[in-house]
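Undergrad: Fit chain S to the supplied structure of chain B, relying on the hints for placement.
Number of protein chains: 2
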Amino acid sequence: MFSKFQNHITSRFPFLEDKKLFLAVSGGLDSMVLLHLLQQLPYEIAVLHCNFQLRGLESFGDQSFIQNYCDQNEIPIFTTQFDTEAFAKDYKLSTQVAARELRYSWFYELLETENFDYILTAHHADDNLETFIINLTRGTGLDGLIGIPEENDRIIRPLLPFSRDEIMEYAQENNIEWREDSSNASNKYLRNKIRHDLVPMLKEINPNFLNAFQKTQSYLQESQVMVEDASIMIYQQVAKEVGDDIHFDLNQLKKLPNYKSYLYQWLNEFGFLAWNDIYDLVDSQSGKQVLSAEFRLLKNRDTLILSPISEISEKEEFEIHEGDQDVNFPLKLRLCQVGDITIDSNKAIFVDAEKIQFPLILRKWNEGDVFHPFGMQGKSKKVSKLFKDEKLSLIEKEKIWILCSDNQIVWVIGIRQDERFKIENTTNRILKIELQ
Amino acid sequence: MFSKFQNHITSRFPFLEDKKLFLAVSGGLDSMVLLHLLQQLPYEIAVLHCNFQLRGLESFGDQSFIQNYCDQNEIPIFTTQFDTEAFAKDYKLSTQVAARELRYSWFYELLETENFDYILTAHHADDNLETFIINLTRGTGLDGLIGIPEENDRIIRPLLPFSRDEIMEYAQENNIEWREDSSNASNKYLRNKIRHDLVPMLKEINPNFLNAFQKTQSYLQESQVMVEDASIMIYQQVAKEVGDDIHFDLNQLKKLPNYKSYLYQWLNEFGFLAWNDIYDLVDSQSGKQVLSAEFRLLKNRDTLILSPISEISEKEEFEIHEGDQDVNFPLKLRLCQVGDITIDSNKAIFVDAEKIQFPLILRKWNEGDVFHPFGMQGKSKKVSKLFKDEKLSLIEKEKIWILCSDNQIVWVIGIRQDERFKIENTTNRILKIELQ
Chain B
1 MFSKFQNHIT SRFPFLEDKK LFLAVSGGLD SMVLLHLLQQ LPYEIAVLHC
51 NFQLRGLESF GDQSFIQNYC DQNEIPIFTT QFDTEAFAKD YKLSTQVAAR
101 ELRYSWFYEL LETENFDYIL TAHHADDNLE TFIINLTRGT GLDGLIGIPE
151 ENDRIIRPLL PFSRDEIMEY AQENNIEWRE DSSNASNKYL RNKIRHDLVP
201 MLKEINPNFL NAFQKTQSYL QESQVMVEDA SIMIYQQVAK EVGDDIHFDL
251 NQLKKLPNYK SYLYQWLNEF GFLAWNDIYD LVDSQSGKQV LSAEFRLLKN
301 RDTLILSPIS EISEKEEFEI HEGDQDVNFP LKLRLCQVGD ITIDSNKAIF
351 VDAEKIQFPL ILRKWNEGDV FHPFGMQGKS KKVSKLFKDE KLSLIEKEKI
401 WILCSDNQIV WVIGIRQDER FKIENTTNRI LKIELQ
Chain S
1 MFSKFQNHIT SRFPFLEDKK LFLAVSGGLD SMVLLHLLQQ LPYEIAVLHC
51 NFQLRGLESF GDQSFIQNYC DQNEIPIFTT QFDTEAFAKD YKLSTQVAAR
101 ELRYSWFYEL LETENFDYIL TAHHADDNLE TFIINLTRGT GLDGLIGIPE
151 ENDRIIRPLL PFSRDEIMEY AQENNIEWRE DSSNASNKYL RNKIRHDLVP
201 MLKEINPNFL NAFQKTQSYL QESQVMVEDA SIMIYQQVAK EVGDDIHFDL
251 NQLKKLPNYK SYLYQWLNEF GFLAWNDIYD LVDSQSGKQV LSAEFRLLKN
301 RDTLILSPIS EISEKEEFEI HEGDQDVNFP LKLRLCQVGD ITIDSNKAIF
351 VDAEKIQFPL ILRKWNEGDV FHPFGMQGKS KKVSKLFKDE KLSLIEKEKI
401 WILCSDNQIV WVIGIRQDER FKIENTTNRI LKIELQ
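Chains as they are written, first to last, in full-length UniProt numbering: chain B, 1 to 436; chain S, 1 to 436.
Treat the hints with caution; some may be incorrect.
In this list, chains with the same sequence are indistinguishable; a pair is considered to hold if it fits within one copy or across any two.
Under the rule of at most 25 Å between Cα atoms (straight-line distance), these lysine to any residue pairs were calculated in the SDA-like manner [as the list claims (entries may be wrong)]:
| hint | residue 1 | residue 2 |
| --- | --- | --- |
| 1 | K260 | S11 |
| 2 | K355 | D326 |
| 3 | K388 | S310 |
| 4 | K379 | D406 |
| 5 | K4 | Q217 |
| 6 | K255 | S231 |
| 7 | K260 | A212 |
| 8 | K379 | L392 |
| 9 | K260 | K288 |
| 10 | K254 | E228 |
| 11 | K215 | A274 |
| 12 | K193 | K215 |
| 13 | K215 | V199 |
| 14 | K260 | H8 |
| 15 | K215 | G139 |
| 16 | K379 | T426 |
| 17 | K260 | E151 |
| 18 | K215 | T131 |
| 19 | K260 | S231 |
| 20 | K260 | Y235 |
| 21 | K255 | M233 |
| 22 | K379 | A348 |
| 23 | K215 | L267 |
| 24 | K254 | S218 |
| 25 | K288 | T303 |
Since the hints were derived computationally from the structure, they do not count as laboratory data.
Looking at chain B on its own, in the form it has when it is part of the complex (with noise of 0.2 Å):
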């Protein structure tokens, strides 16, 4: 005879079946009563238990707690031990932040190297109901009310659509023994707050509460996807990746009355948080940019530029030495003597050999560089003319490379050669530099 719990588990997930299950287990009640439904069911199952040195002694307790359960139950268990409030520090998280990051990143490792399927944690209903509580009073979008699923990725949360009073019935009948957590009194005040007072508030309003917010959950997790598909189809109309970049039409965009929304929605995960500016950025003139830790969004005319800020320094110069053959960093470079001379458009240049001087010098362009375009008769020019002339984008500039051949430019690479390099009648040797 299973219990419901146990129905549930075997009808809502059948893939289970012959797989091999970590399940998570802090040792407190609802993870105890996971493991003792599990342990009943034909599953190949280990105990994962993180110690995350937060409560001294405590947390110690908790882990020989577990692995002595484990030990005389003959479970497989794995256990580690993370230093919390150091890797908090570090990383900029909140204690509890980190500790799922750490707990997650284990997990998944542990997935990997032990060849395991699923990790089974002992999430129930009043968890998703007091986070969803949480972030009502701290003020939240629809990603903060939807709560945790019962099933993404690897993760599988079989216990979701049941209380904690339920669990804990289960834990009284079959005798459960489980530690409690000493910070369920103190340190997670808001939480018990929440858990002893306003919860059991509203079931008094409705008896059937829990079930009538599992339903509110379920449709507000509907209305999320089809947030995301909107923002895919409207992405798709507007934006254009342009090797690592992102352009963004803002004639087309602009013609969204809600358009805010969806630049939020693309532009969260790149970790922006100066959104007024970014609204801002849309009439602003041309030039203007906004910046996260990584990404760069330019206004650049009728265009927002989304680009990886890039990690060389402008002040860096690489050496190419002669018999190279391929220059792999910072750009694909293949230089050649070649018989047949055809020029590729932007790709490749072909050059009179015997006037280069090695090593050749590979650097950013300069505000003051100058060079002597091919087909310009000699006459010089400022790159900076050129971009202009070519109406490069800031960002477009910024990834120009110059090739150098003792101090003078032999090409701006992808845009234009220096005549003074180029192949004559009197040409003995030709080099080929052709982009890749």
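TA: Using the frame of chain B, we list chain S on its own:
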């Protein structure tokens, strides 16, 4: 010196200048404050008061309170009385919904007849919060959480950013009198429980709760607009409007993992309730259907067809008399004598006028109908067989009309003419019957 309320009104709604404004005034705290605020602004105002007759003498007390106030302050006032309970009973509505229906339809009527521009109501931030919580306790979707907007159509709610406490403070500072609604203490148990117990607890958790909540609602409103965007974009890909019907292409629709969300979004407004039956329809056999009070959703091969349920019974007949030139109901037909004979596909037939016996009868087809299809050398055929050969859907079949002369079918309208009435060498007078 204007109050913060008045500053908000003039800056948030600058377009109100020179407009004629109705104020919806119940006589309670919120609306008496709104009235007081608007009296000091340079707008042309008039008061609207509905007596819903839900609290006996007290309701009339409210009415005369406002009447006196307006008389003393020389403010034009319009009042009306509703038998709300009777209306609710007739239309099977809750008292609350009935009152809202009555109120807003009267408001909109007066906007037209009195030539006013906007209606201002006194909803405030706590109203939105209380509604949010009520809907949450019952289970709801995104639309139940987004709240009433500050401005929609011709209704403006200028107090929405402010809390009940702020409004109370203004009332006390300005010695404003109002009528206490006795139902506050009795009928409205739920709203009061939320107001007096639950909301204070949320404000205790975060003293800035109401602000955070307003942010939440504005994020949710943005999400709701994006849900509508997605709904419209997918509709354009999947749906085709054919006359009064909408055809949903199931092959397209089923490519979406969340197609049920979209069906709900599209069909919700047509009064359907049996959602599981509708979702089942997608994979059911051709010919199955789900009905709402006024609409039918039919599975027809790879299509779901939404159509209004016809109001014309299948028994009804319509007569056409000799000399009639135009028939306008239930179809538009034109009859005329012609010389030039060209058959315009299925839109018109030419018959030998002397073979016709008036009155012609226009009726829906019956299961037993038999006729002699044009071009089949006088062989007879069941009309139902013709429909089958033409692969008509159930809905298309139900829309077919039959034109008869002396119990003989002259035309299965729009589909096939009868051989017996066709024009021949011997024809003297031709009658053209044209579908318009």
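Undergrad: Are the hints correct? Go through all of them and say.
TA: Checked hints:
Only between protomers do K260 and S11 lie at most 25 Å apart by alpha-carbon distance; the minimum there is 22 Å, versus 43 Å within a single protomer. Taking CA atoms no more than 25 Å apart as the test, K355 paired with D326 passes inside one copy only; the shortest distance there is 20 Å, against 94 Å between copies. Taking the shortest Cα distances, K388 and S310 sit within 25 Å of each other inside one copy (21 Å), while across copies they are farther apart (68 Å). Within a single copy, K379 and D406 get their C-alpha atoms as close as 19 Å, which meets the 25 Å cut-off; across copies the closest is 99 Å, which misses it.
Taking CA atoms no more than 25 Å apart as the test, K4 paired with Q217 passes inside one copy only; the shortest distance there is 22 Å, against 37 Å between copies. Taking the shortest Cα distances, K255 and S231 sit within 25 Å of each other both inside one copy (15 Å) and across copies (18 Å). Only between protomers do K260 and A212 lie at most 25 Å apart by alpha-carbon distance; the minimum there is 20 Å, versus 32 Å within a single protomer. Only within a single protomer do K379 and L392 lie at most 25 Å apart by alpha-carbon distance; the minimum there is 22 Å, versus 78 Å between protomers.
Taking the closest pair of Cα atoms, K260 and K288 come within 25 Å of each other only inside a single copy of the chain (18 Å); across copies the shortest separation is 44 Å, beyond that limit. Proximity of K254 and E228 under a CA criterion of 25 Å is satisfied in both settings, with 19 Å inside one chain copy and 18 Å between copies. In this assembly of identical chains, K215 and A274 lie within 25 Å of each other by CA distance solely across copies; the values are 17 Å between and 35 Å within a copy. Proximity of K193 and K215 under a CA criterion of 25 Å is satisfied in both settings, with 24 Å inside one chain copy and 23 Å between copies.
Within a single copy, K215 and V199 get their C-alpha atoms as close as 17 Å, and across copies as close as 23 Å, so both meet the 25 Å cut-off. For the identical chains of this complex, K260 and H8 are inter-copy neighbours only, at 24 Å across copies versus 42 Å inside a copy, given an alpha-carbon limit of 25 Å. In this homomeric assembly, K215 and G139 come within 25 Å of each other (Cα to Cα) both inside a single copy, at 21 Å, and across copies, at 6 Å. With identical chains, the CA atoms of K379 and T426 are at most 25 Å apart within one copy only, with a shortest distance of 21 Å there and 96 Å across copies.
Taking the shortest Cα distances, K260 and E151 sit within 25 Å of each other only across copies (19 Å), while inside one copy they are farther apart (31 Å). In this assembly of identical chains, the alpha carbons of K215 and T131 lie at most 25 Å apart whether taken from the same copy (16 Å) or from different copies (17 Å). Both within a single protomer and between protomers do K260 and S231 lie at most 25 Å apart by alpha-carbon distance, with minima of 11 Å and 19 Å respectively. Within a single copy, K260 and Y235 get their C-alpha atoms as close as 13 Å, and across copies as close as 23 Å, so both meet the 25 Å cut-off.
Taking identical chains as interchangeable, the C-alpha atoms of K255 and M233 lie at most 25 Å apart whether they share a chain (15 Å) or sit on different chains (15 Å). In this assembly of identical chains, K379 and A348 lie within 25 Å of each other by CA distance solely inside one copy; the values are 22 Å within and 80 Å between copies. When the C-alpha separation of K215 and L267 is checked against a cutoff of 25 Å, the pair qualifies only between copies, where the shortest distance is 20 Å, while the shortest distance within a copy is 30 Å. Taking the closest pair of Cα atoms, K254 and S218 come within 25 Å of each other only across two copies (20 Å); inside a single copy the shortest separation is 32 Å, beyond that limit.
Taking the shortest alpha-carbon separations for K288 and T303, only the intra-copy value of 11 Å comes in at or below 25 Å, while the best inter-copy value is 51 Å.
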